[in-house]
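Q: Hints are included, so try docking the two chains, each in its own frame, into the full complex.
First to last, the protein sequences are chains A and B. Under the working numbering, residues 1 to 304 are what the first sequence spells out, in order. Under the working numbering, residues 1 to 138 are what the second sequence spells out, in order.
Simulated from the structure, these hints should not be mistaken for laboratory data. It cannot be assumed that every hint is accurate.
[To be verified] What follows is a set of in silico ranges between Cβ atoms, one per label pair, in the way DEER data are often shown:
1. Val286(A) to Leu63(B): 48 to 54 Å
2. Lys57(B) to Asp9(A): 31 to 37 Å
3. Glu212(A) to Pro115(B): 21 to 27 Å
4. Lys46(B) to Thr90(A): 52 to 58 Å
5. Asp122(B) to Arg173(A): 46 to 52 Å
6. Glu82(A) to Glu45(B): 35 to 41 Å
7. Ile3(B) to Met1(A): 54 to 60 Å
8. Met1(A) to Ile77(B): 41 to 47 Å
9. Glu45(B) to Ser11(A): 46 to 52 Å
What you are looking at is a predicted structure, and each value in this text was computed from that prediction instead of being measured. Glycine included, C-beta positions come from ideal geometry on N, C-alpha and C.
Listed below are the residues making up each chain.
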Amino acid sequence: MRHLIDIMDLSIEELDEMIEVAKDIIANPQEYSHKCAGKKLATLFFEPSTRTRLSFEAAMYELGGVVLGFSEANSSSAAKGESVSDTIRTVGAYADIIAMRHPKEGAPIAGIRRSTVPVINAGDGGHNHPTQTLTDLLTISREKDRLEGLTIGLCGDLKFGRTVHSLINAMSRYPNNKFILISPEELRIPEYLKYETMIKKGLEFVETDDLEGAMPELDILYMTRVQRERFFNEQDYLRLKDSYILTPDKLDNAKEDLSILHPLPRVNEISVAVDDDPRAKYFEQVRNGKYIRMALILKLLEVA
Amino acid sequence: MIIGKIEDGIVLDHIKAGQGMKLYNILGLDKLDCEVALIQNAHSEKLGRKDILKIDKIIDVNLDAVGYVDPGITVNIIRGGKLAKRSHLEAPEEVVGIIKCKNPRCITTIEQELPQVFQLTDRENRVYRCKYCESKAE
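Isolated chain B (complex conformation) (with noise of 0.2 Å):
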């Protein structure tokens, strides 16, 4: 399968296969006017598998959002044609608006415009938790 080179834009590589698509969800590119790309079950050296995300345009990536689904993803910046810049990422103490909590006993679930937090409790295991009623995220 052959996907064309990009000038100018973004390679999220490394996601964890099977990852991808809940990625490409909650950085919201189906908002997106340009081209995307979602490569699943890619070949890895490092992974075994793995998923691509190409995005045609340099846009703002939440990198706490990329952070939060897997802080082993990398983040490459292509400008004419020719890598730019590459970011390792780490998991993020806090994430705002990414997730939404799952628990009905939570006050997200009624409270108008209160933002979706939720904090860093286990960095080893990578367990996120409500910020209001401390429910895991799912």
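Looking at chain A on its own, in the form it has when it is part of the complex (with noise of 0.2 Å):
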């Protein structure tokens, strides 16, 4: 019985399987609308997540499975103080899988340890979230029909966000890619990942605060958000922020063949008037997320 926990966890031929499999989906959705009839997903939302939550059930029902959860700790037995072990363990008595997502880093790792089915984790606080990540990579193979050889622009905070620490840890196991850091200094990619991550392995990349110096260079460029509330002070804030929103007038000197991403929800990191722009993708990312979730939850259930 496999879990993902960490994106990590997954070689990348798995990675490259799951990639295959998705694409099959999205070209022949019919064949794959019955394969989980009569299973049971269990979404377990310690924290609310409306998007990932309603991707993995989009995801289960298009597999003609069903789902049972809860969407806030309040509904479920964690408000009367239930170890997560012991809810993993009671609902693992009703479903076959289980999807959980918890404010408490490496709760799903707690979880796990006594679990009878496979566990997803679907965000652990400010730690992993690898079916976001899954996301990421579908995206980009599907635009870029590779996942090597590329330059890969991360922009805004790359300090606390963990999608782009999961995303470098993923892209940085395919060969020859580039990743250009663009943010202010305040938040740039914390220093272990730096060095226990990118210098060991011998990574090329560039830090920069210079997003529209940038551009050119870009296959990928990942947006992110730049909060007000990571900040030592307001006027840094006030300096920075507009570098960091994506206009279409920054675009100038992008490559035709640019793919925009976003993790979403965006708030203002990205204008709307970029939305009509050919490359931007995160719309198509979200459609992704069903997919790959589709193909993942087929893994770990073992359906052929």
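A: Next up, the structure:
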């Protein structure tokens, strides 16, 4: 029995296999519409997250399965003080597979200790969110037809953005990728990630605060939000905030086949005017999220 | 300063100066009923200054805990006033129940009876991270 807690739990071969299955689902959805008939997915959301939960639920319904669960801790026995481990063990008696989100970091590792069914980490605080990374990988693979030899710009809050950290970890396993890390000084990637992953693995990367300067080189632009509360002082925030808002004019020097990604929700870091640009792929990315979750459910349930 | 010889017991030697008390606490030596001596800032050819712990009884020392604090520590077992065994340590791959995760957002802060597990992620720099939230051990 397999779980998915961290994107690094999956080998490159498994990632590639799931991406291929997801592409096949997109091409032949009817062939998958009964694959999980009679199976139940439990979505245990100890903290609310509408889009991730709906994506999992839509994925299971499209596979012909059914869904049960809760969408906030108050409506679960966690409110009575039940441990995560006990909740997972109990729900394992009702469901065939579990997708869980929890505000505490590492909660899924505690959860799987006694689990009798596969558990998918649907986000544990600011720590891991592997199905977002799977979504990103499928999107890049569909847009570029490869996951190697790409120049990937990651822009915005690189310090606290867990999706950025996971994507760097995942893409660093494919050869010849180059990373351009675009952020204000205050929000650069954490030192441990820089040293323990990027430098140790000999990855090619550049740190810059200049989005427009980096633009012509990029194959992928992964945007994240720069949040006011991350700054030590208001002046710095006001000085920097507009530099990291993507507007159509900043795309003037971008490649014709650039793909713009964003884990969403967006607040104001991508102007709505960019949505009509054919290079904007973030809503396609949302759709891909459902397909890769379908492929993941099939894999963990060992449904051929 | 004179601290007497021990007949049957354990000497933890070559502890980096300043680490002796940390090791004393981690090993729970305050709970022993025998004599325990902590010598701080002793002269050392190798280290300049070092700490030494002498325990006047042969106890089960948690070698993982010692190796976690400093793999350079030597563990000497004394029997009948003579050195019976000397162990050189390595930093263990995993330590359980020795240190606590200090990340307030970690699941270990709320989950009942969840063991505190830290794993060695960087041997060169001896970095340990919480198995659950991956926060660095302080």
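Q: A range of 31 to 37 Å was offered for this pair. Does it hold for the Cβ distance of Lys57(B) and Asp9(A)?
A: violated, 45 Å
Q: Just tell me: holds or violated, for the beta carbon distance of Met1(A) and Ile77(B) against 41 to 47 Å?
A: holds, 44 Å
Q: Should the hint that Ile3(B) and Met1(A) are 54 to 60 Å apart at their CB atoms be regarded as holding?
A: Check passed, 56 Å falls within 54 to 60 Å.
Q: Taking 52 to 58 Å as the hint, is the beta-carbon distance of Lys46(B) and Thr90(A) inside that range?
A: holds, 56 Å
Q: Between Val286(A) and Leu63(B), is the Cβ distance one that fits in 48 to 54 Å?
A: holds, 52 Å
Q: Cβ-Cβ distance between Glu45(B) and Ser11(A): within 46 to 52 Å?
A: Once the Cβ atoms are compared, 50 Å apart, the range 46 to 52 Å for Ser11(A) and Glu45(B) holds.
Q: Given the range 46 to 52 Å, decide if the beta-carbon distance of Asp122(B) to Arg173(A) lies inside it.
A: violated, 19 Å
Q: Just to be sure I understand the hint, the distance between the Cβ atoms of Glu82(A) and Glu45(B) should be within 35 to 41 Å; is that true here?
A: Violated, at about 57 Å.
Q: Indicate whether the distance between the beta carbons of Glu212(A) and Pro115(B) respects the range 21 to 27 Å.
A: violated, 50 Å
Comparing the model with each numbered hint stated earlier shows that hints 2, 3, 5 and 6 do not hold.
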